[in-house]
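Participant: Using the sequences plus the hints, can you model the full thing?
Chains as they are written, first to last, in the numbering used here: chain F, 224 to 375; chain P, 224 to 375; chain L, 403 to 489; chain U, 403 to 489.
In short, the hints are calculated from the structure, not lab data.
Even for Gly, the Cβ is constructed at its ideal location relative to N, Cα and C.
Where hints are given, some of them may not hold.
Here are the computed lysine-lysine pairs in the DSSO-like style, where the Cα-Cα straight-line distance is at most 27 angstroms [claimed, not checked]:
no.	chain 1	residue 1	chain 2	residue 2
1	F	Lys298	F	Lys361
2	P	Lys305	P	Lys277
3	F	Lys355	P	Lys336
4	P	Lys299	P	Lys355
5	F	Lys353	P	Lys305
6	F	Lys311	P	Lys277
7	P	Lys299	F	Lys311
8	P	Lys353	F	Lys311
9	F	Lys277	P	Lys305
Chain L side only, calculated, beta carbon under 10 angstroms to chain F, not exhaustive [as the list claims (entries may be wrong)]:
no.	residue
10	Leu415
11	Gly418
12	Leu419
13	Glu422
14	Tyr456
15	Tyr467
16	Leu469
17	Asp478
18	Ile483
19	Pro484
20	Pro485
Each chain is listed here by its residues.
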Amino acid sequence: MMKSLSYPLSVVDSQIDIQLKAEPLSVMDCYNFVVDEHCGGIDLFVGTVRRWNKGHEITKLEFESYAPMALSELKKIANHAKAHFEAKKISIHHRIGTVGITEIAVVIAVSCKHRSAAFDTCAYLIDTLKEKVPIWKKEYKVDGSYWVNARP
Amino acid sequence: MMKSLSYPLSVVDSQIDIQLKAEPLSVMDCYNFVVDEHCGGIDLFVGTVRRWNKGHEITKLEFESYAPMALSELKKIANHAKAHFEAKKISIHHRIGTVGITEIAVVIAVSCKHRSAAFDTCAYLIDTLKEKVPIWKKEYKVDGSYWVNARP
Amino acid sequence: MLISFTFVNMKILCFGLAAEIIGQREYIISDEQPSTVEALRGHLLEQFPQFREYHPFMLAVNQVYALAEQQLSSNDEIAIIPPVSGG
Amino acid sequence: MLISFTFVNMKILCFGLAAEIIGQREYIISDEQPSTVEALRGHLLEQFPQFREYHPFMLAVNQVYALAEQQLSSNDEIAIIPPVSGG
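Facilitator: Here's what the structure looks like:
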């Protein structure tokens, strides 16, 4: 959807870095944002595109987003996580557009003083992203047909 | 301990990659080892050196290991994790020698079909590493004195 | 005496499955514009019975998930948010 | 007749706090070598009372955590494994 590209695609301050990107994602961009001399534990979740889903062979995914609302929902979720889990810095990058097999759909990085908070925060962020953030995927099969994923 | 450098410092097969390294660790080396077209979820834990510990300012850490036993314990733990949590690929790199503030002490990467198994496996691996693997750290304070960390 | 009358259409942004079901990315309601979120949901279910499978699907008003009783005006940015599938 | 007699020392590898307490990286026992893991632990506690603070500290035989009743020979690779602190 070209139209959404006229919206800003990132929300960044000194502790939260949220981006929707049409280019391949970098794990290290997220890592470098969150690393902090007060933090001993960094957890990163990377969601990659599997070749198979429920018995179908996939050739690529296509993500569309309602960009301004996706950014604002992600910001809310990150702020909640910072307050609730005592996370120090959070970086969330989500790919939009076409993504190939084994490419990265999403990277979430969290730095905390101690490791258990980093795991808890990262799991909360990806769970909540998948539940609430207005991003949708189409899965393309080998015959060229696609299926709009909708998990109620 | 120069002597331990005469031992091999890695155990690598197609699904498990365990290394003790005297050079800076690379998050991407671990990520690239585990990425897999059957896996949709990758979790990475990165342990970094904090400047402060229990009120003391730290200038650096020094890790020593009983290398052959550390590798064999890590291998056992990784094999157990693969069987128990259905993890596909596991990479564990631990730094030895001197490590500066915000540098990486350990990277653990795990790929799984689904994300919750990736989180569980990664948390199990770092918890068990910290409990069982014969690696020890000295923490150097600003006045040059050091303290051998021993968590019973 | 001339009475100037400007009629403003209500535009609904459509994403994911909603765009597939409706067949376009913007759905326009000119007549009988629903006055609440719940009324709009009813309108969509009536016009596009396929939405029943995803009922109660969410709607957003001004980029925030909307409550059923919330009032709508044609100045609002209104969007259909079918079940999301990011990550 | 000449009787050739080779006496083999028992070498214990010392890491972390054990190296600090004993003051060296290899501790040698020539006389009265302990015959089990538990006996070696007793020997160390007697010679270096500071180990009491970390009791029961672990010992490894041939790179595996050892059980208390395990037999020792001077051919084994024996190591003191004080509380670990990697990660």
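Participant: Look at each hint and say if it fits the structure.
Facilitator: Here's how the hints hold up against the structure:
1. F/Lys298 x F/Lys361: With a Cα-Cα distance of about 24 angstroms, the restraint between lysine 298 of chain F and lysine 361 of chain F holds, given a limit of 27 angstroms.
2. P/Lys305 x P/Lys277: Not OK: lysine 305 of chain P and lysine 277 of chain P at ~35 angstroms, beyond 27 angstroms, violated.
3. F/Lys355 x P/Lys336: The hint holds at about 22 angstroms.
4. P/Lys299 x P/Lys355: holds, 11 angstroms
5. F/Lys353 x P/Lys305: The hint holds at about 26 angstroms.
6. F/Lys311 x P/Lys277: The hint holds at about 18 angstroms.
7. P/Lys299 x F/Lys311: Violated - the C-alpha atoms of lysine 311 of chain F and lysine 299 of chain P are around 33 angstroms apart, more than 27 angstroms.
8. P/Lys353 x F/Lys311: With Cα atoms ~23 angstroms apart, lysine 353 of chain P and lysine 311 of chain F stay inside 27 angstroms; holds.
9. F/Lys277 x P/Lys305: Roughly 22 angstroms separates the two Cα atoms, so the pair holds.
10. Leu415: holds, 7 angstroms
11. Gly418: Holds, because the Cβ-Cβ distance from glycine 418 of chain L to chain F comes to roughly 3 angstroms (cut-off 10 angstroms).
12. Leu419: Hint holds; leucine 419 of chain L Cβ to chain F Cβ min 5 angstroms, cut 10 angstroms.
13. Glu422: holds, 5 angstroms
14. Tyr456: Since the shortest Cβ distance to chain F is 6 angstroms, the answer is holds.
15. Tyr467: holds, 8 angstroms
16. Leu469: With a minimum Cβ separation of about 15 angstroms from chain F (threshold 10 angstroms), the hint on leucine 469 of chain L is violated.
17. Asp478: The hint is violated - aspartate 478 of chain L has no Cβ within 10 angstroms of chain F, the shortest such distance being about 13 angstroms.
18. Ile483: Holds - the Cβ of isoleucine 483 of chain L comes within 10 angstroms of chain F, reaching about 5 angstroms at its closest.
19. Pro484: holds, 6 angstroms
20. Pro485: Holds. Min distance 4 angstroms.
Hint check: violations occur at hints 2, 7, 16 and 17; the rest are consistent with the structure.
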